[in-house]
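Protein chains in written order, with numbering that gives the first Met the number 0: chain A, 0 to 249; chain B, 0 to 442.
I should point out that these hints are in silico values taken from the structure, not numbers from a laboratory. Do not rely on the hints blindly, as some may be mistaken.
Stated by the list, open to error - In silico DSSO-like links for lysine-lysine, alpha-carbon gap of 30 Å or less:
| hint | chain 1 | residue 1 | chain 2 | residue 2 |
| --- | --- | --- | --- | --- |
| 1 | B | 31 | A | 107 |
| 2 | B | 89 | A | 209 |
| 3 | B | 192 | B | 240 |
| 4 | A | 97 | B | 89 |
| 5 | B | 407 | B | 210 |
| 6 | B | 192 | B | 345 |
| 7 | B | 89 | A | 217 |
| 8 | A | 97 | B | 38 |
| 9 | B | 31 | A | 35 |
Being a predicted model, the structure only gives us computed values, none of them experimental.
These are the residues of each chain, in order.
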Amino acid sequence: MNNKRTWVVLGGTCVIGRAFAREVAKAGNDVILLGKEDEDLALSANDLRARYPEVEVMTLPLDTANLDSLTKTAKQCESVSKNIISVFSALETVYTQKECGKDLGKIKNMFQINYFSQVYFLSAIAAVLQKQACGEIIVLGSAAGEYGMPDNYAFGSTKAALHIWLQGFQMQMAQYHVSVTTVKAEDWDTVGTRHYSFWQKPIDPQACAKACLAYAQKGAKIRYFPWYVFGTVLFRRFLPYVSRHNGTEG
Amino acid sequence: MHWYEMKLSGRGQTNSGISQVCRPERTADIAKYLEQVGKNGIVASGSAGSYADQALNAGGAVMQMKRLDCIRSFDAQTGELVCEPGVTLKTITELFAPQGFMLETASASGQHTLGGAIAANIIGCNGHKRMSLAKSVNWIDVVLADGTTVRASEKENDTLFKAVVGGQGLLGIISLVSITLLKRPQENVAVEKRRIANLDELAETLKAVRKTADFCSFWIDTSAGLDALGRGILKTASFTKETLPASTFSFPKYKMILPGIVLCLASFPLFKRLRYRLTATKKTKIEAYENFLYSSDNVQVFPAKGIYQLQISFSEAEGPQALRRILTELAQTRIGACRAELVLTKEDTLSYLGAALRGYTVCFDFFRRKGIEEFLKHLIVIAGEHNGRVSVQDDALLEPRNLVLMYKNLEKFLKARDTYDPQKKFDSDFGRRLFSGEKKYEQ
Ligand SMILES: Cc1cc2nc3c(=O)[nH]c(=O)nc-3n(C[C@H](O)[C@H](O)[C@H](O)COP(=O)(O)OP(=O)(O)OC[C@H]3O[C@@H](n4cnc5c(N)ncnc54)[C@H](O)[C@@H]3O)c2cc1C
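Here chain A stands alone, though its shape is the one from the complex (with noise of 0.2 Å):
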């Protein structure tokens, strides 16, 4: 990438959409932050401005609730923009199985979060970055997504139409230019109850973010985060039965 950007962040108030802001805002991006709560929002903006004042920060309030203000939400950041347009989605919500077992409304709400908010905003804003024929997007998918387990698999399904969607995205936009890089990452720390051993560590949120910005550079299609989640993903997909436990939950 040679030209200055103006990221899109999408979920810029949750910890992985601010880690993103920083590492572009470091390579001396604008950006402007899209989020539900103003404070929030507010307090990541500041954070910024004060990590990196030479940065032009911007927010603008993201209604998932309301999927048509998503549209009016991408042509402002088209408005506001000084350079050329790329986007970066977090936007996710998270409930266990059980919490989903409980209240079935839950499996709704991640769907219109995880799967309907990003695929709206992305249309509309595909506009934009076909006009400019360069530009990239970058979405937080997860592994989730690849296989049903017992304790997630509502999540998993959200994640997994949005896999979906976003590979036929993805060759669409190849024709102007435009790159979209799914990150599927895993021990991404929001669901449910886990052990950790030694070698499986939550993963770092600056870390993931550096790794998302170094795909998109690269062009890349869809990558794993950390890298050996892609073996953990052939191995539960090839050899369901032994790889799965027999949980009950949900």
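Fit chain B with the ligand to the supplied structure of chain A, relying on the hints for placement.
Just chain B with the ligand, lined up with the frame of chain A:
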């Protein structure tokens, strides 16, 4: 509000335990998590750099603070930085050193969080000039057991301030910090390393160094005895106007991750002798201040069996005598320390549970092996006999009776804890080891 069950261990791998862990991402969430705390209470954890049980709470809860890492404001005129406690020292240096600012304390590692460093009241190799980190803290916001947030400083709620600073998380959670960064005099430092033949030479040299050098640390060859007792390498550094040499070649810097066996080698006399003979140079090396700092971060060792750290502070008067006794013990018993380092300290610490005294602070790392605990307890007794204080921040072996002898402000600390957290909602393995059962403190 998510809780995770995790097995946590101290950096030294000597202590571990399974706890319920939470990771707030907003300061407002701290109080919400505190409402849900049950048996065995809760303790904050920064980057878990403490060697032993300071940030562990087996059977209880642990609040990991690293995700509270937003910077709220920075005033480039006054150097005042207001930030959340999860910001690491390295981040502060990376962001503000290029603008000409530096932290008060030059600790050996930059991985520590600001909250953890304040709760341990860390000192660095500039201890003889700048003292501990607490000196540069303007105020801290502390979330107490009932969920309220109280601002504390040397002027406002000073009892709480002196108990929280160095208090190992036993009074509350530090949720926001205001700290003044110092103007860095120059961009580079001139580093010198020289051999010191024995304790007498060391005492003489340190007198001069106290006045002249900005940074100073002394590596001790603990295997040397008799006339060479206390020999080692003195590393001093001072800010300089000189510019970096136009270097022709330098090795790329990688973080080395080494197995515990390396530590074992480091405690062999032969290794120490070689280091003593080969390290010191007469040349002065000019280094960028940022590169000079955080020397420990280039190497990470995974000790399979564990490491104990013993850090003791002595007054200027008692220091030489005490050091002579401890080093004689080490040389005679041939128990090799894998690291032994001495730094100077400017004045007594202000915190109730802080160890630093005006004089010397010596720090030993020992590979865990059979009989080492008894030996270290013996060293703790020797420290006590010389009015020394074993620092609680990385120790695993202190007992309540040692604390009574060493910490003259212990009563004040306990009183503050009773006032601000009578139900002991904030507790840890460390807290239970040293503070459960008030009877132990009757003098
Ligand atoms: C490689 C290395 C080098 C070191 N060098 C030095 C040195 O030069 N000088 C020195 O003095 N020490 C040194 N230490 C010790 C270290 O600085 C302290 O143990 C420090 O507290 C570790 O910070 P942390 O963020 O890892 O805190 P942790 O180890 O996670 O926690 C330390 C204590 O602080 C409490 N705490 C953490 N965050 C908060 C919070 N937000 N609110 C309230 N309490 C909190 C915890 O409960 C715990 O009791 C070193 C340690 C290592 C491993």
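Evaluated hints:
1. 31(B) - 107(A): holds (26 Å)
2. 89(B) - 209(A): holds (17 Å)
3. 192(B) - 240(B): Holds - the C-alpha atoms of residue 240(B) and residue 192(B) are around 19 Å apart, at most 30 Å.
4. 97(A) - 89(B): violated (40 Å)
5. 407(B) - 210(B): holds (29 Å)
6. 192(B) - 345(B): holds (22 Å)
7. 89(B) - 217(A): Roughly 29 Å separates the two Cα atoms, so the pair holds.
8. 97(A) - 38(B): holds (24 Å)
9. 31(B) - 35(A): Measuring from Cα to Cα gives roughly 20 Å; hence the hint holds.
Checked against the numbered hints above, the structure breaks only hint 4 and satisfies the rest.
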